[in-house]
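Colleague: For reference, the chains in residue letters:
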Amino acid sequence: MKWPGGPLEIARLEKQGHVTPETKDLLQSWLDPSSLDLLQGTVVNCLVVNWAAGIPQDREQQSHLTSLVQRGREVGVEFIGWVEAGEDVSSAVASARAAGLSAIASEKIPEGQFNFPIVPATTRSKASWSHTSSLHILTDGVWPQIRSNIEAGKDVAVAGPTGIPWVNSNGWYMRLSRTLSIDKTICLAFDPPGELHPDKAEPYLIAMADAEAYGAHWVISLSERLRGGMAKRDPKAMETWRQITNAAAFFRGHADWNRYQPQGILAVLSDFSRPNEFMSGEILNLLCRRHLPFRVITKDRVTASYLDGLKAIIYADADSPKGDLREELLAFVKKGGLLIAPSSWKVSEGTRPSESASEAYDHYKLGEGRIVVAKDEWQDPYQVATEVHLIMGHSLDLLRLWNAGGTNSTYTVSPDGKSMLVQIVNYSGRPETDSVSLWLNASYRSARFWNLEGDSIALNKVTELGKAELHLPAFGVYAAVELET
Amino acid sequence: MFDQLGGLGNLVKGKTVAIKLNLTGGPSQRMDYVPLGNSYWVHPSVVGATVHLLGRAGARHIRLLESPWSTAESLEEFMLQANWEPGDFLSAASGVEFENTNYLGRAKRYSRFWVPGGGHMFKAFDLNHSYEDCDVFVSLAKLKEHVTAGVTLSMKNCFGITPCTIYGEGAGEDEPSLAPRGGRRMFHDGFRQPSKSSFPENHPRSSSDGGYRVPRRTE
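Sequence lines, in order, name chains B and A. So for the first sequence, numbering that gives the first Met the number 0 puts the first residue at 0; every next one is plus one. So for the second sequence, numbering that gives the first Met the number 0 puts the first residue at 0; every next one is plus one.
Mixed in with the good hints, there may be bad ones.
Calculated lysine-lysine pairs in the DSS-like style (CA-CA distance at most 30 Å, straight line) [what the hints assert, rightly or not]:
#, chain 1, residue 1, chain 2, residue 2
1, B, K334, B, K364
2, A, K143, B, K466
3, A, K107, B, K364
4, B, K364, B, K333
5, B, K374, A, K107
6, B, K321, B, K364
7, B, K310, B, K466
8, B, K125, B, K298
9, B, K199, B, K231
10, B, K1, B, K231
11, A, K12, A, K107
12, B, K460, A, K143
Now the in silico label distances, taken between C-beta atoms and shown as ranges [claimed, not checked]:
#, chain 1, residue 1, chain 2, residue 2, range
13, B, E276, A, S205, 53 to 61 Å
14, B, D255, A, G149, 53 to 61 Å
15, A, G8, B, N440, 37 to 45 Å
16, A, Q28, B, R258, 33 to 41 Å
17, A, M154, B, D255, 51 to 59 Å
18, B, E77, A, Q28, 41 to 49 Å
19, A, E96, B, D198, 52 to 60 Å
20, B, K466, A, R215, 35 to 43 Å
21, A, E96, B, K466, 23 to 31 Å
22, A, G149, B, K466, 33 to 41 Å
From chain A, some residues computed to sit far from chain B (all C-beta separations above 10 Å) [said to hold, decoys possible]:
#, residue
23, A148
24, R191
25, E200
26, R215
What the hints contain is simulated information worked out from the structure, not anything from laboratory work. In this text, all values refer to a predicted model and were calculated from it rather than measured experimentally. Ideal Cβ placement from N, Cα and C applies to all residues, glycine included.
Taking the hints into account, I'd like the entire structure generated from these sequences.
Modeller: Next up, the structure:
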């Protein structure tokens, strides 16, 4: 959890030009050891504190933190020192070690052995997954919510072309990051928007659930207004805090769910780097919006065993693959797979066009499968995600949800294959979503519902039109359905 | 029931029968937990039984038609999203086909239907070919309330034969759009006219009151 305060945070905000006397008071008092009383009875056990920014206040900051760190260590709290970009990491490491910090977080990872944990903290574009740290912090997440036009003076949600609300989510990037990093622990560090009301816990719960549902974590960050309320022990602020820490406890209690693997008969294949970064990433983002489960495959990992269980692959990159990669993909098609490719894909190998089901794509038969190639260059990832779903057909759907317009879902399975998990995040921020039904194209013996308060209810299957559905109880921002085979 | 009405054979034997279904709204929305067929969609068992009886009576082709909400995807795909099985209808009789009539569909042009007597609102409507390429037309209704019309039955069901590429909120200005977008608000309040390739309203300055334009009649 971010624990901002002290001279460095004041200097940072002064640089941005908006520090009031009240803010200064709060940032000073927040580093008082007594502030740690707020953590009593919670699962929060690691605080990220401002540590070094390469400015004269560094020494004062570190001095201010001494008693907080000492008290924290007495009650089992660890500290990670945040080192601003450009600061000399070597000296920050030395001071952090001396002060008893557990690690530092830094964008710059210098060469050499430090015998002290350094956590990479980078933007997406600067992320390097080869670092030995098992933890990586990403610093440029979006605040997850239904996108609104409030900034433009219109208090309405923005809708996509078919009328479903547009959602800002980090989920797709968490899924991608976990693949690229080969299952490092991924944390997202981003701050709440200033206008958040301290009485409302839902936005914080969405931020947390959006990361957790995709196997990552959010570094909890509270607005100044909420911290101010908590400092005064305001009952409404404390209730918001209670709900946030309750949610954190819930996810800690289900940490094993993070080891579950994504289910999906569709894979998105790309190098996920420039110039393909935008198109491939947005396809992932918009597949999430369609409740269409997918797997992420990078070009360097395409082998027959990696493609096992897939029925369709989107080749998202602008180039036409060659060599072994092309051979693997064509072998996948010949065995009955569906390959959806951009217009740059050059079809050969004796394939011939079959009757096209759409105006935008040419369809080719190859062996038992199909290659479907866009007639024109892909411009709009929303359109691509929609067309992919149409080309695949809904008969291949792994799950369907009703009355879940403002939600995204994830579908994962336990390593032993005995448990399946559907997690639903409701981005509307409404306190309650009700009458959501779920259908899974899978057989299961039992189903159990969970919400963030930890309530757990056994669900009965309801047969509608010959298909077993589950009717979920009302829930707030998050629901999980665990199914046993 | 059909036998008591005189039987289907004389009407449909060797003919092409078009059935306009009533599948209002999106397939992912329900009234509470209630499946769409049990609330405001025609029930799939009614569809299946009707198809079966029409087939048994000798219908040569049976086309299931609807203009699903804001999409040019196939009717089968639309049904699947509601957890229906289009295959059940295919196996209920031979010669069963589906068509999404919310856009041009499989034809090269829209079919023009003139309204006898010049029409109250429009002289003619431009529709998907399926409503012309048939010998028998069936409006398979759902008995339900409607906020303006009072009740939805066979005639109100036919609101949905109009393609939103021409009569929808996102219809093209000059020519029909390629894909349908939005609903048919222009019928209810006249906020805009159809694509210019089709006839405009006879009296575009008439009342925009929904109750005037869609009378609350049940006869």
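Colleague: Now tell me, hint by hint, if it's right for this structure.
Modeller: Against the structure, the hints:
no.	hint	result
1	B:K334 <-> B:K364	holds (11 Å)
2	A:K143 <-> B:K466	holds (25 Å)
3	A:K107 <-> B:K364	holds (26 Å)
4	B:K364 <-> B:K333	holds (9 Å)
5	B:K374 <-> A:K107	holds (20 Å)
6	B:K321 <-> B:K364	holds (20 Å)
7	B:K310 <-> B:K466	holds (23 Å)
8	B:K125 <-> B:K298	holds (20 Å)
9	B:K199 <-> B:K231	holds (17 Å)
10	B:K1 <-> B:K231	holds (19 Å)
11	A:K12 <-> A:K107	holds (28 Å)
12	B:K460 <-> A:K143	holds (28 Å)
13	B:E276 <-> A:S205: 53 to 61 Å	holds (54 Å)
14	B:D255 <-> A:G149: 53 to 61 Å	holds (56 Å)
15	A:G8 <-> B:N440: 37 to 45 Å	holds (41 Å)
16	A:Q28 <-> B:R258: 33 to 41 Å	holds (35 Å)
17	A:M154 <-> B:D255: 51 to 59 Å	holds (58 Å)
18	B:E77 <-> A:Q28: 41 to 49 Å	holds (47 Å)
19	A:E96 <-> B:D198: 52 to 60 Å	holds (57 Å)
20	B:K466 <-> A:R215: 35 to 43 Å	holds (38 Å)
21	A:E96 <-> B:K466: 23 to 31 Å	holds (24 Å)
22	A:G149 <-> B:K466: 33 to 41 Å	holds (34 Å)
23	A148	holds (23 Å)
24	R191	holds (18 Å)
25	E200	holds (26 Å)
26	R215	holds (28 Å)
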